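Two chains, two frames, some hints: make the complex.
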Amino acid sequence: MAEEHKQIDALTGTATTGHEWDGLRELNTPLPRWWLWTFYLTIIWSIGYWVVYPAWPLVTNATQGLFGYHSRAAVVEDINALHAMRGPMMQQLATASTAEIAASPQLIDFARAQGRVAFADNCAPCHGAGGGGAKGYPNLNDDDWLWGGKLADIEQTIRYGVRSGNDKGHQGNMPPFKDVLKPAEMSSVADYVRSLSGLSTEAGVDLKAGQKVFADNCAVCHGDAGKGNREVGAPNLTDKIWLYGSDKATIVQGLQQGRGGVMPVWEGRLSEPAIKALAVYVYGFGGGEK
Amino acid sequence: MTQLEELVRQSEVKAAPPPAPPGGDDIDEIPLYAARRKIYPQSVQGTFRRIKWIVLLVTLGIYYILPFVRWDRGPNAPSQAVLIDFPNRRFYFFFIELWPQEVYYLTGLLILAAIGLFLMNALAGRVWCGYLCPQTVWTDLYMAIERFTEGDRREHMKRESQPWTVETYARKGAKHFLWLMVAWWTGGAWVLYFADAPTLVKDLATGNAPFVAYAWIGILTVTTYTLAGHMREQVCLYMCPWPRIQAALTDEYALNVTYRYDRGEPRMSAKKAEQLKAQGERVGDCVDCLQCVHVCPTGIDIRQGSQLGCIQCGLCIDACNTIMAKLGRPRNLIAYDTDLNIKERLEGRPSTYKPIRWRTALYAAIIAVAGGIMIYTLATRGSEGISVIHDRNPMFVRLSDGSLRNGYTIRIVNKQLKSRDFVIAVDGLPSTLIDFVGLPPRADGRQLVAVGPDQTKEVRILVTDYSNTPPAASTSVLFSLIDVNSGEVAQVRDHFFGPEGK
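Top line first, the protein sequences correspond to chains A and B.
The numbering of the first sequence is UniProt numbering, which starts it at 1 and goes up by one.
The numbering of the second sequence is UniProt numbering, which starts it at 1 and goes up by one.
Bound conformation, chain B alone (with noise of 0.2 Å):
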């Protein structure tokens, strides 16, 4: 065994100091229920707490303010930038509407997020869970009120260790009461998006919203205060599966927040480390002051290797560069880095960090063309559009004629704000008859389908092939919806039914 492979293996026993069982040191009395271990985080000062705040800002300010963005549309459709409207069935994104139809955009959308989330973790791993996901995001705004109101780690560990004074329940009360006014807010926000904000925020006030607005502000209050108060490092834990999902396909070249053993161990206080350095033996830089572990939201000591507990959030990179600062060694004894780094360092080999990879292009490839296709049909859909449902029951009548005959539900959609005249085509048959049921012909002979203002409207006609050759048992029809005034053409395949070998 080389030096350094020996060194290896003892970082690795020593990266897990067995703590102490619960219940005690009796192992027949380990409880049937563990309680949760409160965790009081220290503040940090540093670059990544700084990103974290600009995060924090950001997303926050685009959640709590995006309501009330104004775009015009023009008169009768809505001035909201972001809107949700279910009653009309409309989902408006500033210059983007989208109606029920195109809710396939949605799935576009997950694909984009899904595969975004890969990417990130093939990149960097657990950005999201660090940095943008929403229960990381309150957490840290809920823990920012609690160590203004209880103070810093130490200050709030003593205060709860003493007996309670009446300044200790008024500045519980008042954390209290700030959590339930973030959540309360949190829920008034999430309310905005499904109505005209300016006008819901009057009625909320004046109690003229409809009750199905009080109820979702309550949902999302109660949720926020317990998730961001309460639960906190508990969901990531036992509630997400991200976690799970990220252990299955991180890879060794993926960054981690990642303890650098191979610089640390041994560990030893800065005192004895200059009294076995003027001895000649090797000392590791790591003093175990604990700075990693207390700055933790969820309470994990990064030091024991790559974890499920850890949302790689890097505040203990900020605490540990500070201390290291403070003795004058090295920063980055913690750091985004990968443990193939590490082994390769411990070798004697540079450390490399490679973010292309087949699997990087593989998921930057998937989101460009997802991403093409959905800009490409946005930039190109029509403002008129045509679904058809073939009856099927019967599938196909033969009048007295002998002729064939198809039944066909035609809806028809019409996004602008005007009413429009439109015809029907239908190519693919020889010779072929449209019946509009219900429909009679205009004046002038024509038949025409008119549709109001921003509606779809549904007509049924009847597709007769008169020619004396049969069609097949299935032929490919094209029915073509026109804009006689535009010349607009909005088309759709479907099929034309006979008796079978006939």
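Next comes chain A alone, as it looks inside the complex (with noise of 0.2 Å):
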């Protein structure tokens, strides 16, 4: 027995545990009382808790506290009070137009900071966080739009999408051309469109040929020059914005099977005042027409 071993250390004149390894033993001291007490005193202070907070798991139900604390009445009222505070501003954007909102010194840092909240919330999926897009998701900093980056444009598109399905969305699609060109003329008018906005092309293509393929079919939508068609958001072809890729595999691609990408309408989903907040902020951007 380890009792039996018990000594006092002659040096301190403490006792020792009775436990040695290669001859040091390990001295017995004692814990200040008060730490005890302050042990104690947490489970006192734990009593009150179970008292005056809803604590104890009940079969259906828990102990309710003296307090009446509820942690989701709190956060219920957090929200109210939040709501009340934010009323007569929310009022504001939603009675005023994008272009008054732009206007007002006070109303335009409320709904941009509205509308950043909600663009994280819902565009931020496909538009990235900071609304630089992605393949075939536009960038909304750049200078280039395909429905039109007015202050009311941006609404619009907002409110009710892109071919969407919505009556007032925007409507216009690529048709695949798999069945109406022919792979050779494909390639050619790929290297037309790439020679437009003055990227490479192949050596020894005919671009002669790509343009009159271009002319027979594109040019309705895109426009003699390229150009492009915001009524039918045809893009332009001569900037060096790209939605889905400038390589030739890529236009290709885009010729034989078309294009339509689809922004769903946010209007009902959204609330009026959120839905201007996100076109006053989606402008900010930079990329904003005046």
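Keep in mind that the hints were calculated from the coordinates and are not lab data.
What you are looking at is a predicted structure, and each value in this text was computed from that prediction instead of being measured.
Honestly, I wouldn't trust all of these hints.
List time: in silico SDA-like cross-link candidates among lysine to any residue, alpha-carbon distance up to 25 Å [claimed, not checked]:
hint : chain 1 : residue 1 : chain 2 : residue 2
1    : B       : Lys415    : B       : Gly108
2    : B       : Lys175    : A       : Arg33
3    : A       : Lys248    : B       : Thr47
4    : A       : Lys240    : B       : Asp435
5    : B       : Lys172    : A       : Lys248
6    : A       : Lys240    : B       : Ser467
7    : A       : Lys240    : B       : Asp401
8    : A       : Lys135    : B       : Ala473
9    : B       : Lys457    : B       : Phe86
10   : A       : Lys135    : B       : Asp401
11   : A       : Lys240    : B       : Gly402
12   : A       : Lys240    : B       : Ser474
13   : A       : Lys240    : B       : Asn393
14   : A       : Lys240    : B       : Lys38
15   : A       : Lys240    : B       : Ala473
16   : A       : Lys150    : B       : Lys38
17   : B       : Lys457    : A       : Asp109
18   : A       : Lys240    : B       : Leu462
19   : B       : Lys457    : A       : Arg86
20   : B       : Lys38     : A       : Trp35
21   : B       : Lys38     : A       : Arg33
See below:
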């Protein structure tokens, strides 16, 4: 038994625990008693907690506590307080036009703050957290707009969507040319389209042939000069911005299968102030047109 | 073994007389928790006691009075010399006004405090603990109150060992009342640093102060009363990390409160010492009167050598010197000295104190450099500031004509008490154009940013590079904020990003 080896350490006068390792003995130094009392105090404190706050789970419910505290109620209270605080500004957002909002120094700051949150919640999955877009999803920071970049245009797009099935939404498809054009025609028109925006073309390609294919098939939407048409959302093919990519394979793929990205309708899903706030916020990315 | 070595060995063993184990002789009945050994520090007079009184008066005086010191900063600015203004996010310290952007001065202050503590330690051990630490200062004050109400050591112990009378309760009641008053006023002074002091005093008195003020007074009252009144030396022994750090930082050249066992040992009564001396035997100067133990606020025996519990306040030196004077023996049997010196003297060499060493020189140099940088930057900082955050998503945007654009969020700081107009310039790109989002140009065509008095303003700007040569993946650009009236300039560097390798 270790008990038998307990002794007083000569140097310090402290008793040992009886444990010994290679001649090293462990001193038995008791913890200070205030430490114990601190521990008891925390227990007493916890009992107070049980009494005043909801604590003990019962079969179908839990003890409610004397304070009547309820985390759900606290959240609802906070939300109501927030709504009450924002109410007047929200009311103004709902009734003012986006142009009026943009002209008002107070409203525009509020709208941007609201829009930032709404964008992160609803738009960022496709357009990116900063509106940078992705392949097939327009970059909202640049100055190229398929359906118009004025405040009212942006609001319209958000409200009714693109190819969304809504009557007021933007319509217009790039049809597939797989069964219309021969592979050689598609190749030559792809090279021609690349040349429109100053991109390199394959050596020995007959751009004249491509131009003819373009005039016959594409110019009806993209315009004779390839400048695009916002009525049908046809992109400007002469600028440096490519929604799906500018390499030849991507262009040929677009010709074969057609293009037609969809943006959903947000009216009804987002509140009136949120839609306007979003329009103002997106406009502020830097691509908005005057 | 030489005679001196034998003496050292003897003194070392004697320096640690084995006390009785806790729980009596039966070592199987050692309690799981040790009760605190109550300490009744005796009053003492002398040099170090006087220094402690002066430090106590000065530090507590500063703490209690400073919030009421006024400092005129002109209209629309607080006139309190030291004010931590949380609602407006300003810190005022006499002529210095700090903004949240300049919180790095706090880092500098912490460096100075830490190295200052190291330097103090390298020169004279734990003088911080003994004289300046708030725990020491308030505990000292509380002990003075205790001696005033309950009597000095002997009287206090005697009264507690006898059955308690009405007088005992009255004295204890008075003590706790005075303790609580000090604690309450300590908490009261604390909150005054966070609002205009005279106004807050009035509000506190009339019950109009914010709840948080009362809460903090309550918290500080409880902690002061508990820590200075009840925890006392236990804070130093169990809670404070500094004794542990200090033990690792100290060296043999640092001064410590030291019992000079080379002179004190062997201990014996004055009478016996006379007899042995007459017989030509060696005697020590320590008469084992325990005065050094009785006056110690942490209850240690300094004759056991330097130890964690010693805060080096020097009260044992005063106590011992009083006894030595009575006995007609030389002073400073306990003194600020080093163990090294004792060994030197034992071996017949003179004792020395080297305050200038590599260690202290290095500490002093760090303090000088850090302090110098702080003073320089404080003296030369402008009344305007600019900080720039580059848009991260997307990093850059290609416009339809192929030029590149980067977005930045710029925060402009105007520390002056009047509204100012600024222009922003960007240098480092071949050809640039700056757009202010949502900020139309003025009638004269200039794009100015107006920032209100003592305010900041955030603007988002778009910088477009129109050069035909696309910039590299990253180009360093310089943002300049220029006050159009005074011409004052603040600058900051950031980057302009483009597609990599194209």
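For each hint, the structure was consulted:
1. B/Lys415 - B/Gly108: Distance of about 22 Å is within 25 Å: holds.
2. B/Lys175 - A/Arg33: Holds, at about 24 Å.
3. A/Lys248 - B/Thr47: violated (93 Å)
4. A/Lys240 - B/Asp435: Distance of about 21 Å is within 25 Å: holds.
5. B/Lys172 - A/Lys248: violated (95 Å)
6. A/Lys240 - B/Ser467: With Cα atoms ~15 Å apart, A/Lys240 and B/Ser467 stay inside 25 Å; holds.
7. A/Lys240 - B/Asp401: holds (6 Å)
8. A/Lys135 - B/Ala473: Holds. A/Lys135 to B/Ala473 sits at ~21 Å (cutoff 25 Å).
9. B/Lys457 - B/Phe86: holds (19 Å)
10. A/Lys135 - B/Asp401: Distance ~19 Å between A/Lys135 and B/Asp401 Cα, so the pair holds.
11. A/Lys240 - B/Gly402: holds (5 Å)
12. A/Lys240 - B/Ser474: holds (21 Å)
13. A/Lys240 - B/Asn393: This hinted pair holds, its Cα atoms lying about 20 Å apart.
14. A/Lys240 - B/Lys38: violated (84 Å)
15. A/Lys240 - B/Ala473: holds (18 Å)
16. A/Lys150 - B/Lys38: violated (81 Å)
17. B/Lys457 - A/Asp109: holds (12 Å)
18. A/Lys240 - B/Leu462: With Cα atoms ~19 Å apart, A/Lys240 and B/Leu462 stay inside 25 Å; holds.
19. B/Lys457 - A/Arg86: Judged against 25 Å, a Cα distance of about 22 Å means the pair holds.
20. B/Lys38 - A/Trp35: Holds, because 16 Å separates the two Cα atoms, which is no more than 25 Å.
21. B/Lys38 - A/Arg33: Given that 25 Å is the threshold and the Cα spacing comes to 12 Å, the pair holds.
Checked against the numbered hints given earlier, the structure breaks hints 3, 5, 14 and 16 and satisfies all the rest.
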